[in-house]
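**Student:** For reference, the chains in residue letters:
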Amino acid sequence: MTDLQIEAPRSPRTRPARGRSNFEMHSWIFMRISGIVLIVLVLGHLLIVNILDGGVQRINFGFVAGRYASPFWRIWDLLMLWLAELHGTNGLRTIINDYAERPQTRFWLKMLLYASAVLVVALGTLVIFTFDPTLNS
Amino acid sequence: MWSWVAHRITGVLVFFFLFAHVLDTALLRVSPNSYDRVVDIYKNPFVNLLELGLVGAVLYHGLNGLRIMLIDFWSAGAKYQKQMLAVIVVIWVAVMVPGAYFMLEHAAKQLFGSS
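Chains as they are written, first to last, in our numbering: chain A, 2 to 138; chain B, 8 to 122.
The set of hints was computed from the structure by calculation and includes no laboratory data.
These figures come from a predicted structure and were not determined experimentally.
We put the CB at the ideal spot given by N, CA and C, even for glycine.
A couple of the hints might just be wrong.
What the hints assert, rightly or not - Heads up, incomplete: computed chain B residues facing chain A, CB under 7 Å, no partners named: (1) 16; (2) 18; (3) 24; (4) 31; (5) 33; (6) 44; (7) 45; (8) 48; (9) 92; (10) 108; (11) 109; (12) 110; (13) 113.
Unchecked claim - According to the in silico footprint, chain B covers these stretches of chain A (three or more CB under 8 Å from chain B): (14) 33 to 46; (15) 53 to 66; (16) 83 to 97; (17) 104 to 113.
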């Protein structure tokens with residue numbers, strides 16, 4: 002046997018190399034924490050909109066108005082929106098890094114991804130905060 | 008390996024749906040009428056079936072995500088990864104069968120007319 006030393010996979014790194022951030026480790030942790038929270042928020046959302054009380058057939062503007070009368074559901078939706086979009090964006094970032102090989106392609110795909118994430122988070126947040134049950138058609 | 012492939016595919020699928028879903032929900036700020044019209048699309052029996060597929064994708068992604076976390080953080084997780092995959096498949100089927108019944112009940116009645 003040689004005296005080759007291989008660190009155990011779970012041994013903690015002492016510290017990030019100088020001038021480097023630990024971004025990938027933090028994003029790894031974020032995927033797990035947001036994942037746990039999203040299981041509750043998203044499966045709860047799917048159960049409410051698709052199955053309870055007649056499922057999707059009962060959903061209309063009035064249904065949303067009834068729910069959004071309570072801050073509880075607005076906070077639920079806001080948290081779900083932000084966590085899901087960030088979780089999904091980080092997942093797609095990983096996929097782009099894995100499969101897009103040309104630096105140019107990687108760069109532009111990620112720019113497109115980040116632009117769409119900003120749009121979705123901003124638009125969704127705006128709607129949740131400014132929803133108006135008396136809005137006229 | 009296939010559980011990993013399926014995790015990626017379901018993740019991308021759900022991500023693209025989320026994009027469309029936030030846009031359609033934004034019609035809440037345009038007018039009640041335009042929101043109601045876009046939500047009516049979801050009530051169509053065929054789209055309803057796609058929704059069931061979405062629920063299945065989300066459920067698999069969530070269950071397999073839990074399995075990944077157990078592999079990462081539970082000391083015996085890697086050892087039991089195969090058994091855990093079997094467990095999540097069983098849970099997935101056990102949830103999807105009644106889920107499909109409740110989600111498609113209305114569409115089935117609408118299409119085949121028994122009520």
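**Student:** Determine for every hint whether it applies to the structure shown.
**Tutor:** Now the hints, each set against the structure:
no.: 1; hint: 16; verdict: violated, 10 Å
no.: 2; hint: 18; verdict: holds, 5 Å
no.: 3; hint: 24; verdict: violated, 10 Å
no.: 4; hint: 31; verdict: violated, 11 Å
no.: 5; hint: 33; verdict: holds, 5 Å
no.: 6; hint: 44; verdict: violated, 10 Å
no.: 7; hint: 45; verdict: violated, 10 Å
no.: 8; hint: 48; verdict: violated, 10 Å
no.: 9; hint: 92; verdict: violated, 17 Å
no.: 10; hint: 108; verdict: violated, 10 Å
no.: 11; hint: 109; verdict: holds, 5 Å
no.: 12; hint: 110; verdict: holds, 5 Å
no.: 13; hint: 113; verdict: holds, 5 Å
no.: 14; hint: 33 to 46; verdict: holds (count 7)
no.: 15; hint: 53 to 66; verdict: holds (count 9)
no.: 16; hint: 83 to 97; verdict: holds (count 7)
no.: 17; hint: 104 to 113; verdict: violated (count 0)
In this structure, the earlier hints numbered 1, 3, 4, 6, 7, 8, 9, 10 and 17 are contradicted, and the remaining ones agree with it.
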